[in-house]
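Take the given structure of chain A and dock chain B to it, following the hints.
Quick mapping for you: the protein sequence lines, in order, are chains A and B.
First residue of the first sequence: 1, per my numbering; consecutive thereafter.
First residue of the second sequence: 1, per my numbering; consecutive thereafter.
Treat the hints as calculated values from the structure; they're not laboratory data.
Please note that a few of the clues may not be correct.
Okay, derived cross-link-like pairs now, BS3-like style, lysine-lysine, Cα gap no bigger than 30 Å in a straight line [what the hints assert, rightly or not]:
1. B:Lys116 with B:Lys62
2. B:Lys92 with A:Lys24
3. B:Lys165 with B:Lys187
4. A:Lys111 with B:Lys109
5. A:Lys18 with B:Lys116
6. B:Lys92 with B:Lys187
7. B:Lys109 with A:Lys87
8. A:Lys24 with B:Lys85
9. A:Lys18 with B:Lys187
10. A:Lys24 with B:Lys187
11. B:Lys92 with A:Lys18
All values derive from a computational prediction rather than experimental measurement.
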Amino acid sequence: MTFSLLHATDFADRLLYKIVPPLKAGMIVLADRYAYTAFARDATRGVDRQWVRELYSFAVRPDLALYFRVPIDVSVDRLMARRVKLKFYEAGMDLGWSTNPLESFRMFQGKVLDEYDQLVQEFGLEVVDAKGSITEQQRYVRTLVAQHVKTSQLEMIDDEPV
Amino acid sequence: MTSPSDPVDGLNGDGLAGRYYGRSIPYLPIQDYPGKLIAIEGTDGVGRTIQIQLLREWLEVKGYGVVETGWTRSPLMQPTIEIAKSSNTLNKLTFVLLYATDFADRLEKEIIPALKAGFVVLSDRYIFTALARAGVRGVDRQWLRNVYGFAIAPHLVFYLNIDVKTLIGRVLESRGMDFWESGMDLKHGDDIYDSFRAYQLKLLREYQSMADEFHFRVVDARRSIDRIQDELRRQVASFLEPAEKPAETALTR
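Extracted from the complex, chain A is given alone in its bound form (with noise of 0.2 Å):
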């Protein structure tokens, strides 16, 4: 509990300063991570699925929210290529399902993207396959994102005269 309305606050504080600002000025925000993480690792961590989704209702639903998937064993590949020690809290050890950190690490990042294969119907989430190469995967977004932005209502901010 604690650790969900710790990341909570900190989301609270982004939120206000961050990216509601921005977002009253017409710029385009990008959020690497938003609350739908939250929603994905506090359900594995064994909080209320629902009371998660109360918890966050002050959030700004995105105008679009992309999910990168891959499965376990590529992401595992990936993080060992890049770095030796894996995160205490990333690899879920507070839950004392295994000492061994890269074990503990599939066990509970296989539940996280469980849950997250769950959110991407309940908040329509656009799945971006991340098995790919980043090229690949950077094109895709791209007309994700330009079909968005074009059939969105942007405001044009006329230049005023100076």
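Positioned in the frame of chain A, the structure of chain B alone reads:
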């Protein structure tokens, strides 16, 4: 835990003593724990803390194990909350969430284990303080009740009721008015007296509006410390030992 036949979303406080108000903490089932949770509520400076000290001594003499818990006292959150209060970046939402985190920590680490072990838990303030403060600051009341749905409904909630005039006298005689207790963040003006008065009036009204919803036992806190303590002891005794006649409730100090 909330039973399936009980589709309560937020708090409602009716017949829930010792159970979660709303959505439970699924990994912490708490049914049938032997301990009792007693909350003493009331605004800043009303005299809660002294009443709790006296209650504690009395209960311990009677042989009860007593655990005290109080607002923002969690080891996890207290330093963070102090830092956040001293900076100027707190807003009403982060304020609520920091308090809720502190409460969750104390609930999991202090209150629930103590109830499980059969202690009487005396809570100096409870979630109603959070609901009142945030309510006054315009935070959505239903959202607040949902967030605090993981709180355990106390067996007894005593609300120390006072009028703002008596309160002002009491606060000035003891430690004076402080920035937050005067609601200076609400920017009612630079005058701390006026701000304190306006803020506390709103706060008292907010507490008052929760009295029925959460089954407050309203205690007249304008009286002397001893008189208030007598009443608390009488009510606590008849709750903890309904068979016994509450004979020895007179002050022993």
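Checked hints:
| no. | hint | in the structure |
| --- | --- | --- |
| 1 | B:Lys116 with B:Lys62 | 20 Å, holds |
| 2 | B:Lys92 with A:Lys24 | 20 Å, holds |
| 3 | B:Lys165 with B:Lys187 | 21 Å, holds |
| 4 | A:Lys111 with B:Lys109 | 26 Å, holds |
| 5 | A:Lys18 with B:Lys116 | 43 Å, violated |
| 6 | B:Lys92 with B:Lys187 | 13 Å, holds |
| 7 | B:Lys109 with A:Lys87 | 24 Å, holds |
| 8 | A:Lys24 with B:Lys85 | 27 Å, holds |
| 9 | A:Lys18 with B:Lys187 | 24 Å, holds |
| 10 | A:Lys24 with B:Lys187 | 24 Å, holds |
| 11 | B:Lys92 with A:Lys18 | 16 Å, holds |
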